[in-house]
Amino acid sequence: MKRNINLFIALLLLVTMLVGAGSASAQDDVTLTIWTFGSFFTDFYEGIEADYKEIAPHVTIVVEEIPYGQLYDNLTGAFVAGVGAPDIVDVEQGVISRFLKGEPGLIALNDLIAPYEDDYIMAKTGLYAHQGTIYGIDHCLCPVVLYYRHDIFADAGIEMPIATWDEFVDAAAALTDQDIAALTLSDRSWGDFYILLLQSGSPGFFDAEGNVIVDSPETIALLEWYLGLLESGVAIAPGDSQSAYGLMAEGKIAARAGADWYGGFIKNNVADTEGLWRAAPLPAFEEGGARTSTHGGTAYSITQQSENKDEAWAFIEFALFDEDNKIFEFEVNNLLPPVLSHLDNEALLGPDPYFDNQSLGELFLELAPEVPHQVRGPWFDEASTLVGNAIFQATQGEKTAEQALKDAADELRRAIDFG
Amino acid sequence: MSSESIVEDRGLRAWWSRSERKVVPYVFISPFYILFIVFSVGPLIYALYLSLHRWPGTGPMRHVGLGNYTYLAGDPVFLKSLWNTVYYAVGAFLFILPLALVLALLINSTLIRIKSLFRIGYFLPILTSTVAATIMFLLIFNNEFGLINQGLASLGIPALKWLDEELVKISVLAVVTWRYTGINVLYFLTGLQSIPPELYEAAQVDGAGTWAQFRYITLPQLRPIALFVGVVTMIGSFQLFAEPMLLANGGPNDASLTIANYLYRMGFTNAKLGYGSAIGWVLALIIFGLSFIQLYLFGAFRKED
Amino acid sequence: MDDTLSRRAQRTIAYGFLFFILISMATPFVWMISNTFKEQSQIFERQPTLIPEEPHLRNYVSLFVDFDFHKHFLNSAFIAVVHTFSHLFLASLAGFAFAKYNFPLKNFLFLVLLGSMMVPLYTIFIPLFVLVIRLGLVNSYAGVIIPGVAGAFGIFFMKQSMEAVPGELLDSARIDGASEFRIYWQIALPLVRPALAVLAVLAFMGSWNDFVWPLVVLRSRELQTLPVVMAGMVSLYRMEYGVVMAASLLSTLPILLLFLALQKQFLAGLTVGAVKS
Chain R
0 MKRNINLFIA
10 LLLLVTMLVG
20 AGSASAQDDV
30 TLTIWTFGSF
40 FTDFYEGIEA
50 DYKEIAPHVT
60 IVVEEIPYGQ
70 LYDNLTGAFV
80 AGVGAPDIVD
90 VEQGVISRFL
100 KGEPGLIALN
110 DLIAPYEDDY
120 IMAKTGLYAH
130 QGTIYGIDHC
140 LCPVVLYYRH
150 DIFADAGIEM
160 PIATWDEFVD
170 AAAALTDQDI
180 AALTLSDRSW
190 GDFYILLLQS
200 GSPGFFDAEG
210 NVIVDSPETI
220 ALLEWYLGLL
230 ESGVAIAPGD
240 SQSAYGLMAE
250 GKIAARAGAD
260 WYGGFIKNNV
270 ADTEGLWRAA
280 PLPAFEEGGA
290 RTSTHGGTAY
300 SITQQSENKD
310 EAWAFIEFAL
320 FDEDNKIFEF
330 EVNNLLPPVL
340 SHLDNEALLG
350 PDPYFDNQSL
360 GELFLELAPE
370 VPHQVRGPWF
380 DEASTLVGNA
390 IFQATQGEKT
400 AEQALKDAAD
410 ELRRAIDFG
Chain C
0 MSSESIVEDR
10 GLRAWWSRSE
20 RKVVPYVFIS
30 PFYILFIVFS
40 VGPLIYALYL
50 SLHRWPGTGP
60 MRHVGLGNYT
70 YLAGDPVFLK
80 SLWNTVYYAV
90 GAFLFILPLA
100 LVLALLINST
110 LIRIKSLFRI
120 GYFLPILTST
130 VAATIMFLLI
140 FNNEFGLINQ
150 GLASLGIPAL
160 KWLDEELVKI
170 SVLAVVTWRY
180 TGINVLYFLT
190 GLQSIPPELY
200 EAAQVDGAGT
210 WAQFRYITLP
220 QLRPIALFVG
230 VVTMIGSFQL
240 FAEPMLLANG
250 GPNDASLTIA
260 NYLYRMGFTN
270 AKLGYGSAIG
280 WVLALIIFGL
290 SFIQLYLFGA
300 FRKED
Chain Z
0 MDDTLSRRAQ
10 RTIAYGFLFF
20 ILISMATPFV
30 WMISNTFKEQ
40 SQIFERQPTL
50 IPEEPHLRNY
60 VSLFVDFDFH
70 KHFLNSAFIA
80 VVHTFSHLFL
90 ASLAGFAFAK
100 YNFPLKNFLF
110 LVLLGSMMVP
120 LYTIFIPLFV
130 LVIRLGLVNS
140 YAGVIIPGVA
150 GAFGIFFMKQ
160 SMEAVPGELL
170 DSARIDGASE
180 FRIYWQIALP
190 LVRPALAVLA
200 VLAFMGSWND
210 FVWPLVVLRS
220 RELQTLPVVM
230 AGMVSLYRME
240 YGVVMAASLL
250 STLPILLLFL
260 ALQKQFLAGL
270 TVGAVKS
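Chains as they are written, first to last, in numbering that gives the first Met the number 0: chain R, 0 to 418; chain C, 0 to 304; chain Z, 0 to 276.
It should be emphasised that the hints constitute simulated quantities derived from the structure, not laboratory data.
Ideal Cβ positions, reconstructed from N, Cα and C, are used throughout, including at glycine.
Warning: the hint list may mix true and false statements.
If we take Cβ atoms under 7 Å as the criterion, some of the chain C residues that face chain R in the derived model are [to be verified]:
1) G56
2) G58
3) T133
4) F144
5) L146
The list that follows gives simulated cross-link-like pairs (lysine to aspartate or glutamate, EDC-like), each with its CA atoms no further than 20 Å apart [stated by the list, open to error]:
6) K308(R) / D27(R)
7) K266(R) / D355(R)
8) K405(R) / D74(C)
9) K266(R) / E44(Z)
10) K70(Z) / E63(R)
11) K398(R) / E165(C)
12) K52(R) / E63(R)
13) K266(R) / E361(R)
14) K266(R) / E38(Z)
15) K21(C) / E44(Z)
16) K21(C) / D170(Z)
17) K251(R) / D271(R)
18) K251(R) / D170(Z)
19) K266(R) / E53(Z)
20) K160(C) / E44(Z)
21) K21(C) / E162(Z)
22) K79(C) / D409(R)
23) K70(Z) / E45(R)
24) K79(C) / E397(R)
25) K52(R) / E397(R)
26) K405(R) / D214(R)
27) K398(R) / E164(C)
28) K21(C) / D175(Z)
29) K398(R) / D409(R)
30) K251(R) / E273(R)
31) K308(R) / D117(R)
32) K251(R) / D178(R)
33) K251(R) / D351(R)
34) K79(C) / D150(R)
35) K398(R) / D163(C)
36) K251(R) / D176(R)
37) K266(R) / D214(R)
38) K251(R) / E143(C)
Kindly generate the complete structure, drawing on both the sequences and the hints.
Dropping the structure here:
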């Protein structure tokens, strides 16, 4: 009998504790865990944390910084385990496709981003979407411009900017004569080719329905043109980035297409040429065509496992659409906001001594609406590896551009069938 | 305390003194097996289960029986990575081990006085973090500015593309040799140290020359450590991952890709968890088979007399 | 006369060869040291200078100010010290058992042990990740240390070294009534000191450079170890070459010191001969 009473009291205690805990958690503290891969993102989150505490006192932000290569292995592990995933994860554009397979462990963000679709540059959502469902919202715009040595172009009597690629190639002959390459293009990876492919109006390696278009006539024609640039000496392939920086410092490479962040790379790695660089819109493929492309990006995603999805989105809204925060992020990590109304902020428009006191911000602001849309989806990793190999096979003369891309496309379709 | 338990105790003690030598080895080796079962066997069985499915990590699994394994047999990239890996392993046996043995013999010989300088000097590379070391080698192999190509240029030899399809495996092997020779010198030195000096003294009394001493004393006495070095080198080369990845990203055109790199690309980058697990199992079986052959050839299973 | 001359020639050749290899191996390392005092852009110069023109310590300052190098250094050191002592004990104990006892299933168990070294990490990475969560090992140093504390490599290495311990010595101790553990502890262990010293360096190094377990187990930045932090210095949108080389250089120091401290032991040789006679 006594034992029963004890049991009863214990049960009662347990129930009150459970109820208490349950009711407390409804308005009680929420912890949002964020996984990110770069200290520049960590610095950003830690910088806005205190401000967010004022707006949402019940929310605590915990940032866990994991090296780039391993963050996504851990995320896969957490999805398989069914527990252990963070609320918010920074998904770099190069790794998103693996998370679009099966039933994604990330939540659809279409409805959440919809109210912002006039201000947010929606072209960037294509990197993180599959069949219309958006799984990531980019931190950055990453617009591509042509960085060039204005001294070299002026010496050769070439006036920049140049409107079209045809004119650019014609003009570049004056540089080729002096043993200077007007451009640098990779002969072994897909990045440079993809920048140009998007600029030419292609959605990339897949069309809107998800069909492989790696071997489409347009893609083949572009690769043939790309090979032509390398063969004629208009462009060279230095093979590795260190060689590229060295050649840029020596004036053997006069220009390079790169995103906003690439300007920072030039600054750091080719420091001695301060004041000799400027940036121009990319020459268009045809008169009036797009004068920019996009390269890179990292998206905010929310996991299915998160128990605080609303709070997570509220924090992302704060980080992404609060102009002060976005400008602060630019100061920390040099990533331009993908939000039109932020791009004319004075802080982004100042002159840059490294770039001959040019305001790169004004250029980016002008080009932002032209950032091309693209289609990626779950098979992008396979596609980009195969296209990189195809470019290498074609530049080495092992195959024609057409054959290399046809083989890559066949292999890609086989990989997709395999599942 | 009852008298019963004293009897029991006495019985236990008697049993222990009878069986100590039978039980003790199992006790001594048990920590490894307990941890092995928890942290390896379980995961391996799970991986085996995964290898019979196609699964991107979320959503429903599709059972394919041995489909992943049959696909593997006809996968050109896998076969390429297998060939590359064999190339690295053979290279390791041809370059690293003989070099390490010669260095160890020299350091151990009476000819050399400043032994510690060499021991430490050769050991330095493996202490360097892989990331930092790879950056250094990217500077060394660099097409335009690399130390090697500048050296060649000063001799009037045209630059070679060290990270292109033809040479990239050699470059990876060079880095691996740089990194792992020193540690093998250390292993061989441990082996040489454990050869009782009386053996040499007796041989000298019998008038045996340096070569005869090396052939009939040093080599046979080094057998246990040579077997260790051989097996560890083989396992290490077949699991080679970081160097080709960091130097050339497995490329160009997959020319430097190892099986471990390909397993990672399939299982993680492409989220083919089942296929990746199948590659992992095949790789483990290859290594296991080769180690078994090595052990057998070295007579590791023969009863010691 | 002839003999001494040829011996001198031999010595010259031997030194020449050893120094040639030493210089080839040290070059990247020395160059790396020089790069830690340079700006990023100077690292990529066509005429690289061994002695930096305007040497500075900014990379080192950044290491401590931006990356809390000292904190992560201590984290790594704690884990490595605990790991090394536990591993030396467990590996030598198991190596002793494999070398000096005959017991049923010995060959089979040894093959299993070797087999455990052959499992590619990425085959079991996902299950391990699940396991770490399920066992509640997340964010604990025990979770980093325990899984590898009785690693097969060390056992294999100790077994090969224990083979050299003469069985007669052990048998005579048994006749004197020593327990099997005492025989291991007081007779076998002192005889394999050189191997233990080598294994100490290897175990310390293995733990010090381990990347995967800290990564899987430790989530909070505060607890994180050096290799993981260093990996974060060179990534996609950030390449702090000078800083990562400075970190790499400083992080070799503890192993180097341990190596120097123990290297007399490497040469101690087996004292078996003396005991025997």
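Cross-check of the supplied hints:
1. G56: holds, 5 Å
2. G58: Interface hint status for G58(C): holds (3 Å vs cutoff 7 Å).
3. T133: violated, 12 Å
4. F144: Because about 5 Å separates F144(C) from the closest Cβ in chain R, which is inside the 7 Å limit, the hint holds.
5. L146: violated, 12 Å
6. K308(R) / D27(R): holds, 15 Å
7. K266(R) / D355(R): holds, 12 Å
8. K405(R) / D74(C): holds, 18 Å
9. K266(R) / E44(Z): holds, 15 Å
10. K70(Z) / E63(R): The given pair, whose Cα atoms are some 16 Å apart, holds under the 20 Å limit.
11. K398(R) / E165(C): Holds: K398(R) and E165(C) sit about 17 Å apart, inside 20 Å.
12. K52(R) / E63(R): Holds, because 18 Å separates the two Cα atoms, which is no more than 20 Å.
13. K266(R) / E361(R): holds, 19 Å
14. K266(R) / E38(Z): holds, 12 Å
15. K21(C) / E44(Z): violated, 67 Å
16. K21(C) / D170(Z): Between K21(C) and D170(Z) the Cα gap is close to 15 Å, so the pair holds against 20 Å.
17. K251(R) / D271(R): holds, 14 Å
18. K251(R) / D170(Z): Answer violated: K251(R) to D170(Z) is near 77 Å, above 20 Å.
19. K266(R) / E53(Z): holds, 19 Å
20. K160(C) / E44(Z): Given that 20 Å is the threshold and the Cα spacing comes to 19 Å, the pair holds.
21. K21(C) / E162(Z): holds, 19 Å
22. K79(C) / D409(R): Holds: K79(C) and D409(R) sit about 18 Å apart, inside 20 Å.
23. K70(Z) / E45(R): Satisfied, since the Cα-Cα distance of roughly 19 Å is no more than 20 Å.
24. K79(C) / E397(R): Within the cut-off at roughly 17 Å; holds.
25. K52(R) / E397(R): The given pair, whose Cα atoms are some 59 Å apart, is violated under the 20 Å limit.
26. K405(R) / D214(R): The hint holds at about 5 Å.
27. K398(R) / E164(C): holds, 15 Å
28. K21(C) / D175(Z): Holds, because 19 Å separates the two Cα atoms, which is no more than 20 Å.
29. K398(R) / D409(R): Holds, at roughly 15 Å.
30. K251(R) / E273(R): holds, 16 Å
31. K308(R) / D117(R): Violated, at about 24 Å.
32. K251(R) / D178(R): Between K251(R) and D178(R) the Cα gap is close to 7 Å, so the pair holds against 20 Å.
33. K251(R) / D351(R): With a Cα-Cα distance of about 23 Å, the restraint between K251(R) and D351(R) is violated, given a limit of 20 Å.
34. K79(C) / D150(R): This hinted pair is violated, its Cα atoms lying about 47 Å apart.
35. K398(R) / D163(C): Holds, because 17 Å separates the two Cα atoms, which is no more than 20 Å.
36. K251(R) / D176(R): holds, 12 Å
37. K266(R) / D214(R): violated, 37 Å
38. K251(R) / E143(C): Roughly 11 Å separates the two Cα atoms, so the pair holds.
Against the hints set out earlier in the document, violations occur for numbers 3, 5, 15, 18, 25, 31, 33, 34, 37.
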